[in-house]
Amino acid sequence: MSARSALIALLSALAMLSVMPARAETDVKIGFVDTERILREAAPAVRAQKKLEKEFEKRSQELEKLAKQLQGMQQNMEKNAVTLSDSDRRAKEREFSELTRDMQRREREYREDLNQRRNEELSGVLDKANKAIKVIAEAEKYDIIFQEVVYRSQRIDITEKVLKALADPPATK
12 MSARSALIAL
22 LSALAMLSVM
32 PARAETDVKI
42 GFVDTERILR
52 EAAPAVRAQK
62 KLEKEFEKRS
72 QELEKLAKQL
82 QGMQQNMEKN
92 AVTLSDSDRR
102 AKEREFSELT
112 RDMQRREREY
122 REDLNQRRNE
132 ELSGVLDKAN
142 KAIKVIAEAE
152 KYDIIFQEVV
162 YRSQRIDITE
172 KVLKALADPP
182 ATK
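Under the working numbering, the first residue of the sequence shown is numbered 12, with each subsequent residue one higher.
No lab work stands behind these hints, which were simulated from the structure alone.
Every residue, glycine too, gets a C-beta built ideally from N, C-alpha and C.
Errors might be hidden in some of the hints.
As the list claims (entries may be wrong) - Derived DSSO-like pairs (lysine-lysine); straight-line CA-CA distance at most 27 Å:
(1) Lys152 <-> Lys172
(2) Lys152 <-> Lys61
(3) Lys79 <-> Lys61
(4) Lys142 <-> Lys61
Claimed, not checked - DEER-style ranges, computed between Cβ atoms:
(5) Glu68 <-> Asn141: 24 to 32 Å
(6) Thr111 <-> Asn141: 21 to 29 Å
(7) Lys90 <-> Val160: 15 to 23 Å
(8) Arg119 <-> Gln86: 36 to 44 Å
(9) Gln60 <-> Asp168: 18 to 26 Å
(10) Lys62 <-> Arg119: 40 to 48 Å
(11) Asp99 <-> Gln60: 40 to 48 Å
(12) Lys62 <-> Val39: 33 to 41 Å
(13) Gln165 <-> Glu75: 20 to 28 Å
Just need the whole structure built from these sequences, with the hints factored in.
This is how it looks when you write it as structure tokens:
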């Protein structure tokens, strides 16, 4: 094979390769779903959030009550600092410190429990969303649907379809 015919063969192969991806792109249907939006706006996510608020409402109120108690103790200690004896002042400071530690422990436990329950609830929402995405993908013949991307065009965003699929069914009469 001469150098000239090898060059022509190489250029022909490169020309074919440059045409093939353009054709393949038109045959591929790509979609994108904004997972964060699903976890904020989907009906199951909203229900889960309300369920968590109700479940943790009592503990939240107890923490608020404890915070007010601490604030009152601090104001009382500052107001009466001059008139308290050293032993009374130390006793009040010790009581205040113990209550502060108790409050911090309770807040930490509250956050840990809330985060664990939130993760459990959102896991269920994600499972439902993934099932809805699969149904949409199969019905509309998507080749691939992404949930995490750096950039996407609005043209391929199917989040609204997923939100509608997850919406509460209409009330029956």
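Hinted pair, alpha-carbon criterion (27 Å max): Lys142, Lys61. Please report holds or violated. holds (23 Å)
Do the Cβ positions of Gln60 and Asp168 conform to the proposed distance bound of 18 to 26 Å? Given range 18 to 26 Å: holds, Cβ gap about 23 Å.
CA of Lys152 to CA of Lys172, is that 27 Å or under? The hint holds at about 14 Å.
Can you tell me whether the CB distance of Arg119 to Gln86 sits inside 36 to 44 Å? The hint (36 to 44 Å, Cβ to Cβ) is violated, given that Arg119 and Gln86 are roughly 25 Å apart.
If I claimed the Cβ atoms of Lys62 and Val39 lie 33 to 41 Å apart, would that claim hold in this structure? Because 40 Å falls inside the window, the suggested range holds.
Starting from the range 15 to 23 Å, see whether the pair Lys90 and Val160 falls in it by beta-carbon distance. violated (58 Å)
Assessment of proposed distance window 40 to 48 Å (beta carbons of Lys62, Arg119): At 22 Å between Cβs, range violated.
27 Å Cα cutoff - pair Lys152, Lys61: violated (35 Å)
Is 24 to 32 Å a correct range for the gap between the Cβ atoms of Glu68 and Asn141? At roughly 30 Å between Cβ atoms, Asn141 and Glu68 fall inside 24 to 32 Å, so the hint holds.
Between Gln165 and Glu75, does the C-beta distance stay in 20 to 28 Å? Since the Cβ atoms of Gln165 and Glu75 sit about 43 Å apart, the hinted range of 20 to 28 Å is violated.
Restraint check for Lys79 with Lys61, where alpha carbons must lie at most 27 Å apart: This hinted pair holds, its Cα atoms lying about 25 Å apart.
Please check whether Asp99 and Gln60 have a Cβ separation lying inside 40 to 48 Å. holds (47 Å)
Checked against the numbered hints given earlier, the structure breaks hints 2, 6, 7, 8, 10 and 13 and satisfies all the rest.
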